[in-house]
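2 protein chains.
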Amino acid sequence: MKPRLLTPGPTPTPEETLLELARPVTFHRSSQFRAIIKEVTADLQYIFCTTQPVLTITASGTGAMEAAIANTVPVGGKAICLISGRWGERWRNICKAFGVTVVEVKVPYGESVPPEALAAALKEHPDAAIVTATHSETATGARNDIKGFAAITQASSALLIVDGISGLGVMECRMDDWGVDVVVTGSQKALMLPPGLAFISLSPRAWTRVDSLYQGPSTPRTFYFDLRKYRDNLAGNDTPFTPANTLVRALRLSLKRLRDEGIENCWKRHARMARAARAAAGPLGLELLAKDPADGLTVYKLPETVDGVAILGVLEKEYGIRVAGGQDTLKGKIIRLAHMGYIDYFEVLAAVSALEMVLPKFGHAVQPGTAVSASQRAFSEGA
Amino acid sequence: MKPRLLTPGPTPTPEETLLELARPVTFHRSSQFRAIIKEVTADLQYIFCTTQPVLTITASGTGAMEAAIANTVPVGGKAICLISGRWGERWRNICKAFGVTVVEVKVPYGESVPPEALAAALKEHPDAAIVTATHSETATGARNDIKGFAAITQASSALLIVDGISGLGVMECRMDDWGVDVVVTGSQKALMLPPGLAFISLSPRAWTRVDSLYQGPSTPRTFYFDLRKYRDNLAGNDTPFTPANTLVRALRLSLKRLRDEGIENCWKRHARMARAARAAAGPLGLELLAKDPADGLTVYKLPETVDGVAILGVLEKEYGIRVAGGQDTLKGKIIRLAHMGYIDYFEVLAAVSALEMVLPKFGHAVQPGTAVSASQRAFSEGA
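As they're listed, the protein sequences go chains A and B. Residue 383 in the numbering used here sits at position 383 of the first sequence, with consecutive numbering throughout. Residue 105 in the numbering used here sits at position 105 of the second sequence, with consecutive numbering throughout.
These aren't lab readings, by the way, just hints derived from the structure by calculation. Check each hint, because a few of them may be wrong.
Heads up, the list lumps identical chains together, so a pair's fine if it works in one copy or across two of them.
Taking lysine to any residue and the SDA-like style, the derived pairs with C-alpha atoms no more than 20 Å apart in a straight line are [unchecked claim]:
# : residue 1 : residue 2
1 : Lys361    : Arg23
2 : Lys2      : Thr26
3 : Lys96     : Pro74
4 : Lys123    : Asn237
5 : Lys301    : Val314
Predicted model only: the values in this text are computed from it and were never measured.
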């Protein structure tokens with residue numbers, strides 16, 4: 001069987017993008033590269049649904065998350081962290097590393113944080129400088145209600161900072177219209193690139209916070225992630241440090257693809273694939289971990305009788321299907337099947353087909369053909 | 001003419017590496033990728049001349065520089081910054097961003113910092129926590145005496161932190177033997193890759209400092225650059241954050257190339273090309289900016305009558321030769337010709353040939369054939 005990458009990051013890269021990455025390295029301080037920066041920035045603004053600059057940082061997604069925290073909260077400031085899994089915990093851990101006081105609003109793995117819980121936390125902590133949230137909790141497959149969160153933070157002085165790493169370009173997120181203050185994403189999800197670039201955009205009131213922080217007594221302790229440098233350089237279509245410029249060149253192609261499709265169609269495409277992946281759960285005899293599932297990945301809970309680590313190996317070795325398992329306390333207990341970026345429905349169908357064949361080998365009976373059939377029906381009906 | 005990239009970063013990437021970059025994206029949490037991490041780490045140790053772990057960070061070189069500062073000096077600590085140009089200033093600026101007290105030991109652009117100046121500064125500031133240095137000052141083409149610096153810092157409690165971004169793999173730097181405490185480099189110079197990865201290695205006494213800092217009252221304010229995470233993950237051939245894994249795969253090929261050549265031969269190759277580039281200066285009627293020039297690039301001073309920005313455009317447009325000009329106060333006054341990584345002597349010769357033809361157009365007479373001839377003689381004699 002052919003190898004098929006269906007992990008929730010990195011996701012596959014289109015062939016034309018791979019070929020672009022094989023083109024010779026070019027110099028980044030040139031009019032040609034400035035033209036590329038200008039073009040990709042405009043296209044990123046389209047994807048972020050913002051008129052604000054979208055900054056490109058050479059780093060993993062966590063680097064942009066660190067930039068968000070370091071630039072918006074002083075040491076001793078307060079953050080309300082909305083936590084529904086490992087990636088929500090990532091925000092908390094970054095805050096703690098920066099000496100930020102954390103108020104945790106936590107739900108069990110698989111659940112989403114209700115906006116009412118944020119409202120209550122903000123009422124109790126009106127001095128919170130920021131609220132952190134995770135659009136798509138990649139650890140559990142849960143979706144969080146960013147629009148609902150933003151409606152609450154907009155009426156407060158707290159900035160809403162959103163991890164859109166596996167959410168942006170997958171599910172509706174209208175930064176300007178909804179009033180989200182900071183959105184972060186990475187290159188290796190819906191943007192269909194190898195890992196290596198991270199992106200961040202800030203609302204006008206977030207920029208006001210950033211600028212005042214640097215002028216205040218508790219100046220941010222960061223140099224590489226000083227967002228003012230990225231903003232000021234971007235005004236001249238330039239970057240403060242040597243960027244991963246071949247990835248930026250490749251980004252141009254991914255963004256063209258998304259522009260051509262249209263961002264609303266892109267959201268619809270992911271939603272449709274997600275419904276088709278979820279529809280397979282019942283016939284496979286598996287439950288979904290997430291109560292309100294995200295559209296970029298589907299997380300199936302495995303019965304306790306199934307060895308959740310061994311099954312990943314069999315899926316890859318016998319059928320070429322590379323999906324992800326669980327992390328930390330979820331290790332061995334779930335299967336995470338991605339359907340975002342350059343993954344299409346027929347690959348989701350291949351994964352469902354492989355699961356139908358492999359689960360019985362682990363003592364979990366499946367009625368042959370039922371899962372692919374259910375998935376197919378859900379996909380057809382979504383047309 | 002064919003385009004030729006002769007800038008001091010990024011440098012050209014070998015064709016086989018480009019093709020590797022065009023191969024499909026793979027998952028980074030896998031036994032296959034762990035085997036690659038293990039292999040590249042061993043090869044990086046060979047290049048760094050160290051038995052200590054070499055950590056791979058997804059960032060520009062400045063990211064690893066920030067990691068070096070953030071992890072070794074507390075807020076209010078003291079750094080002696082040896083400055084011979086823009087990149088020495090970069091260390092100072094990072095220190096300042098992290099609230100570190102800076103003692104500058106500065107020489108005019110083009111000069112190198114004499115080790116005696118470091119000895120005097122350390123005598124005056126025995127409480128200095130670190131000393132920062134720049135092996136190859138890419139802004140001026142000057143070489144600094146890292147071995148001389150290390151002989152001094154070894155007898156003190158200050159850690160010697162070296163920017164080897166355009167030095168490592170180009171000029172002799174024996175981290176363990178010389179007693180250098182921290183060495184930083186980037187992917188886009190002697191390692192012959194596109195930009196996007198940075199590398200850092202620390203001596204045992206530097207690690208002791210790092211671990212004690214995190215346990216102390218002034219814990220480092222960083223999460224993404226927390227070097228303990230990289231070290232601890234590397235023990236299992238893993239990374240703390242999603243790495244730019246296609247670049248790591250490509251790195252493997254570059255390192256094989258350097259291993260096959262042998263690091264001493266690699267230093268000799270660069271030294272020989274550097275002599276050939278310098279030998280062209282006299283016949284071109286140009287002075288070298290650096291008194292003790294580095295081997296990765298040659299910096300020619302332009303006469304005041306020559307438009308140093310316009311000449312870059314003509315070199316590229318008419319001859320396909322992409323060299324770099326000066327930065328900041330040196331803008332328009334110098335030409336920086338790189339000869340490191342995947343640049344060979346015949347490309348240096350092409351650049352010298354183009355300069356012979358272009359300089360007269362800017363009113364600077366050159367006796368035809370003299371520069372290429374002198375360069376050729378110097379190269380032949382270096383065999």
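Going down the list of hints, with the structure as the test:
{"no.": "1", "hint": "Lys361 - Arg23", "result": "neither (45 Å within a copy, 33 Å between copies)"}
{"no.": "2", "hint": "Lys2 - Thr26", "result": "between (34 Å within a copy, 13 Å between copies)"}
{"no.": "3", "hint": "Lys96 - Pro74", "result": "both (12 Å within a copy, 17 Å between copies)"}
{"no.": "4", "hint": "Lys123 - Asn237", "result": "neither (42 Å within a copy, 45 Å between copies)"}
{"no.": "5", "hint": "Lys301 - Val314", "result": "within (17 Å within a copy, 63 Å between copies)"}
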